[in-house]
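S.K.: As they're listed, the protein sequences go chains P and Y. Residues 1 to 117 (our numbering) are what the first sequence spells out, left to right. Residues 1 to 110 (our numbering) are what the second sequence spells out, left to right.
Hints may be right or wrong, so weigh each one.
[Stated by the list, open to error] Partial list, derived from the structure: chain Y residues whose beta carbon lies under 10 Å from chain P:
(1) T45
(2) S46
(3) Q51
(4) S52
(5) A91
[What the hints assert, rightly or not] With a straight-line Cα cutoff of 25 Å, these simulated BS3-like cross-link-like pairs (lysine-lysine) come out:
(6) Y/K1 with P/K64
(7) Y/K42 with P/K41
(8) Y/K97 with Y/K42
In case anyone wonders, no lab produced these hints; they're calculated from the structure. Backbone N, C-alpha and C fix where the C-beta goes; we use that ideal spot for every residue, glycine too.
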Amino acid sequence: GAVVSQHPSWVICKSGTSVKIECRSLDFQATTMFWYRQFPKQSLMLMATSNEGSKATYEQGVEKDKFLINHASLTLSTLTVTSAHPEDSSFYICSASRWAGRTDTQYFGPGTRLTVL
Amino acid sequence: KQEVTQIPAALSVPEGENLVLNCSFTDSAIYNLQWFRQDPGKGLTSLLLIQSSQREQTSGRLNASLDKSSGRSTLYIAASQPGDSATYLCAPGGYQKVTFGTGTKLQVIP
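Full structure from sequences and hints, please.
M.R.: Right, dumping it as C-alpha cells:
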C-alpha cells in the first residue's frame, strides 16, 4: 500500500510554454501533498505544501504565480509550471501524507524530469 | 530547522563488500526516517521506512537502523553488487516536514 504516482515521468518543452505535472495517491487519501524540486547535484528542496480544497503554502523564494498548485481531490494534486524557462529545468517530485495513529508519513512519487529548451 | 548530514559523501568499494552509510540529523522530534536510492537522472526509489518507535528495518540485503535520541541512522548493505551503485538519500520526517540529506554516492566496482 501507500503508492504515489506521477505523470509524466519526463517532459521536454519550449521556453514560454506551460507544463502540468500530476501527482496521485493510488491507494490512500491524502489531505496534504507536497512538491519538491531537485536541481543537478543538489538535494531535494520543498517548494510548497498543498492541502485539499485550499490554497497551497509556498516556501520562501518559490514564486506562487509561476508554480501553480491545485489539490482538488484527496488523491490528486497538480503542479503547473507557467511560462517555463530553461532555469526551471529540474526534477520535480511530489509526496502525499498518510496519517496512521498520531503520526504521518510522506510517501513519494518517482518524480518528473522537466527540460525546458 | 532540521539539518541532515550524510557521511561519506562518496564511496567506492569492490563488489562483495559489506558497507555502512551514515546519516545524522539535528532534530530528534521525528515521526520516521526513510532511505531512498536515486540512480543518475532518475527518480527516487524508496528502500526502507523506519517509524520512530522502531529500531531497525530489513529488506533483503539492506538493513537500516535508527537511534532517534542520538540523531543517527545507518544503512547497511550486505554483499554489495554493481547494481547497488547509486546515490543513497536519508530523509527524516516530522510533522508535515521531510528533510533530505545531500546523499552518499556509492560505486560498486565489479
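S.K.: All hints, please: hold or fail.
M.R.: Quick rundown of the hints versus the structure:
Interface restraint check: Y/T45 against chain P, minimum CB-CB distance 8 Å, threshold 10 Å, status holds. At its closest, the beta carbon of Y/S46 sits 7 Å from a beta carbon of chain P; the interface hint therefore holds under the 10 Å criterion. With 10 Å as the threshold, the beta carbon of Y/Q51 comes within range of chain P, its nearest partner Cβ sitting at about 7 Å, so the hint holds. At its closest, the beta carbon of Y/S52 sits 7 Å from a beta carbon of chain P; the interface hint therefore holds under the 10 Å criterion.
With 10 Å as the threshold, the beta carbon of Y/A91 comes within range of chain P, its nearest partner Cβ sitting at about 8 Å, so the hint holds. Taking the CA atoms of Y/K1 and P/K64, the gap is near 23 Å; set against the 25 Å cutoff, the hint holds. Using a Cα cut-off of 25 Å, the hinted pair Y/K42 and P/K41 holds, with the two alpha carbons roughly 12 Å apart. For the proposed pair Y/K97 and Y/K42, the alpha carbon gap of about 23 Å is at most 25 Å, so the pair holds.
Of the numbered hints stated above, none is contradicted by the structure.
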